[in-house]
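In case you want the letters, here they are:
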Amino acid sequence: GAGVSQSPSNKVTEKGKDVELRCDPISGHTALYWYRQSLGQGLEFLIYFQGNSAPDKSGLPSDRFSAERTGGSVSTLTIQRTQQEDSAVYLCASSSLAGGYNEQFFGPGTRLTVL
Amino acid sequence: LAKTTQPISMDSYEGQEVNITCSHNNIATNDYITWYQQFPSQGPRFIIQGYKTKVTNEVASLFIPADRKSSTLSLPRVSLSDTAVYYCLVGNAGNMLTFGGGTRLMVKP
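In order, the protein sequences belong to chains V and E.
Residue numbering for the first sequence follows the numbering used here, beginning at 1 and increasing consecutively.
Residue numbering for the second sequence follows the numbering used here, beginning at 1001 and increasing consecutively.
In case anyone wonders, no lab produced these hints; they're calculated from the structure.
Misleading hints may appear alongside valid ones.
[Unchecked claim] Some chain V residues judged to face chain E by a derived CB distance under 10 Å, without partners named:
hint, residue
1, V4
2, S53
3, D63
4, F65
5, L91
6, G99
7, E103
8, P108
9, R111
10, T113
[Said to hold, decoys possible] Non-contacting residues of chain E with respect to chain V, defined by C-beta distances greater than 12 Å in every case (computed):
hint, residue
11, S1012
12, Q1016
13, V1018
14, N1025
15, K1052
16, S1081
17, R1104
18, P1109
A virtual CB, placed ideally from N, CA and C, is assigned to each residue, including glycine.
Looking at chain V on its own, in the form it has when it is part of the complex (with noise of 0.2 Å):
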């Protein structure tokens, strides 16, 4: 069967622009989960769900940083106004259950770099 996919592949934005970042999980998987990953860097925790709901927010980086999944499919992390320090590679996974027991599957990422 398909793979996490995130969309888009690759973002070159400007600085103070918006972007929006695309996740899409293994089918059936009810947890999903948000990291960044700086060059060179480990994974950093952003967000995850269960489900639609998101119930642990801590390690979004600013109030510029948001996240929604709809369906409890697909999700989407958008990024207000970003800053250079923004730049990154985004990474989704997807599990069956939330929680760190569950084997989480990655998507390729998404490269941001904000100029």
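Since chain V is already given, all that's left is putting chain E on it; use the hints.
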């Protein structure tokens, strides 16, 4: 969340066995130990998971001592394609995984 500590980098040669040790001194009773592998320009992928003793699959083995305060990922006879970053994580059904910096394994010819 239990914090993990692992070497920043390791070098090896093709055909050798590689052991990467991770410490997790404050692991909770209901935590599992999971290892992920990440190739350049890709998302991480699950390698192996265990709770105690030894777990083996087609890719690797995971050794966990009785006190569970550390674990060792063993990769038998590595090849150049095993060059990647390896993450050690602990977690349970009630919390989220925290990915640290991982261990950068470089396999040389």
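Evaluation of the interface hint that places V:V4 against chain E, nearest CB under 10 Å: Given a least distance of 8 Å, the restraint on V:V4 holds.
Restraint satisfaction for V:S53 [CB to CB of chain E, less than 10 Å]: Because about 15 Å separates V:S53 from the closest Cβ in chain E, which is outside the 10 Å limit, the hint is violated.
Status of E:R1104, Cβ more than 12 Å from any chain V Cβ: The claim is violated: E:R1104 sits with its nearest Cβ about 9 Å from chain V, within 12 Å.
Least C-beta distance from E:S1012 to chain V larger than 12 Å: holds, 20 Å
Minimum Cβ-Cβ distance from E:K1052 to chain V exceeds 12 Å: Its Cβ never comes within 12 Å of chain V, the nearest being 14 Å, so this holds.
Interface-negative label, E:P1109 against chain V, beta-carbon threshold 12 Å: holds, 24 Å
Non-interface claim for E:N1025 versus chain V (Cβ beyond 12 Å): holds, 17 Å
Distance rule for E:Q1016, whose beta carbon must clear each one in chain V by more than 12 Å: holds, 25 Å
Cut-off 10 Å, beta-carbon criterion: hint that V:F65 touches chain E: violated, 17 Å
Interface hint for V:G99, Cβ within 10 Å of any Cβ on chain E: Since chain E brings a Cβ to about 4 Å from V:G99, closer than 10 Å, the hint holds.
Hint check: 10 Å Cβ-Cβ cutoff, V:L91 to chain E: holds, 5 Å
Whether E:V1018 stays farther than 12 Å from all C-beta atoms of chain V, as the label says: holds, 20 Å
Hints 2, 3, 4, 10 and 17, counting from the list given before, are not met by this structure.
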